[in-house]
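Q: Take the sequences, apply the hints, and build the full model.
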Amino acid sequence: MKRITNSLVAIATAASFIFPMGLIAQTPPADQSSGATNVCTLLAGRLTKIDQAMTERELKLSQHRTERESKLQERRQSREAELASRRTERDTKLTERLAQLQGRANTDERKTALTAFQESLQDALTTRRSTVDGALTAYKTGLDQSIAARKAAIDTAIAAAKTAYRTAIDKAKAGCAAGKDKRTARQDLRASLQAARSSLKTSVQSARDAFKTTHESLVTARKSTFESAKDNFRSAVEAAKASLKTAFGESSSETDETE
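As numbered in the numbering used here, residues 192 to 450 make up the sequence shown, in order.
If you're looking for bench data, these hints aren't it; they were derived computationally from the structure.
Note that beta-carbon positions come from the ideal geometry of N, C-alpha and C, so glycine has one too.
Please note that a few of the clues may not be correct.
In the EDC-like style, the derived pairs of lysine to aspartate or glutamate whose C-alpha atoms are separated by at most 20 Å in a straight line are [as the list claims (entries may be wrong)]:
#1 K331 / E271
#2 K284 / E310
#3 K240 / D361
#4 K421 / D324
#5 K373 / D361
#6 K353 / D379
Beta-carbon label-pair distances, calculated as ranges [as the list claims (entries may be wrong)]:
#7 T257 / K284: 18 to 28 Å
#8 T283 / S415: 25 to 35 Å
#9 S415 / A386: 39 to 49 Å
#10 K421 / A382: 56 to 66 Å
#11 S397 / K251: 20 to 30 Å
#12 D400 / A351: 14 to 24 Å
#13 Q268 / Q385: 39 to 49 Å
#14 T358 / S397: 39 to 49 Å
#15 K421 / T283: 13 to 23 Å
#16 L274 / E310: 22 to 32 Å
#17 D346 / E310: 17 to 27 Å
#18 D335 / A382: 38 to 48 Å
#19 K342 / E310: 45 to 55 Å
A: Below, the structure written as structure tokens:
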């Protein structure tokens, strides 16, 4: 959960990354501007820098997403390998315990009871692992869908913000061509860009909140399924051990297969 949360911090920067407002703020105040030095003459130069900054920051966002996806896949592969290793190790230990019991099954009654115990244990183990694997798959699928939804929402918000940016610029250009007061032109442009930036920030936060809510639900569902599978497995094993104990006349070895 911590890694997922940390990855969201970088996504939040999308709201500020798209509009390099500092470049707009560099325009001198009206009372310090004279002649050609006003918002209209500065606009063309500023636009080139702003476009370049936006392109560079969009590229960084794309690179960050690629890196985050790569790390997610690496973590998944690592966890899957770890789970497979634990299962193999526990299967080996279980086989050894059953072999010990097999050596003590010196009557037909014990042999029959041990065979029934092995079958019940294997059924319970298969059911548990199938349930756990299903929960892991459901979590993975849900997480992928949630990540895709977050990305789509943010991309849509960025596209809308860029459209608003272009509209504000076109309006400023038209105002300059029409001889609009430079102070008013500058104030209108800054207000339009700030509004677009604010809207983008709100949309990004909304996408983050939706992702967080969905992720928390996925984690809760996975945990609940794991616990249920564990309880059902233990109940099945205890019932099988009770029958085995009767046949052997004593308690059998514990079996603690957790996954």
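Q: Does each hint hold? Answer for all of them.
A: Here is what the structure says about each hint:
1. K331 / E271: Answer holds: K331 to E271 is near 12 Å, not above 20 Å.
2. K284 / E310: With Cα atoms ~17 Å apart, K284 and E310 stay inside 20 Å; holds.
3. K240 / D361: 16 Å, holds
4. K421 / D324: 13 Å, holds
5. K373 / D361: 15 Å, holds
6. K353 / D379: 17 Å, holds
7. T257 / K284: 18 to 28 Å: 41 Å, violated
8. T283 / S415: 25 to 35 Å: Cβ of T283 to Cβ of S415: about 30 Å, so the range 25 to 35 Å holds.
9. S415 / A386: 39 to 49 Å: About 44 Å separates the Cβ atoms of S415 and A386, which means 39 to 49 Å holds.
10. K421 / A382: 56 to 66 Å: 59 Å, holds
11. S397 / K251: 20 to 30 Å: 22 Å, holds
12. D400 / A351: 14 to 24 Å: Since D400 and A351 have Cβ atoms about 18 Å apart, the given range 14 to 24 Å holds.
13. Q268 / Q385: 39 to 49 Å: 44 Å, holds
14. T358 / S397: 39 to 49 Å: Cβ of T358 to Cβ of S397: about 22 Å, so the range 39 to 49 Å is violated.
15. K421 / T283: 13 to 23 Å: 21 Å, holds
16. L274 / E310: 22 to 32 Å: 25 Å, holds
17. D346 / E310: 17 to 27 Å: Given range 17 to 27 Å: violated, Cβ gap about 54 Å.
18. D335 / A382: 38 to 48 Å: At roughly 40 Å between Cβ atoms, A382 and D335 fall inside 38 to 48 Å, so the hint holds.
19. K342 / E310: 45 to 55 Å: 48 Å, holds
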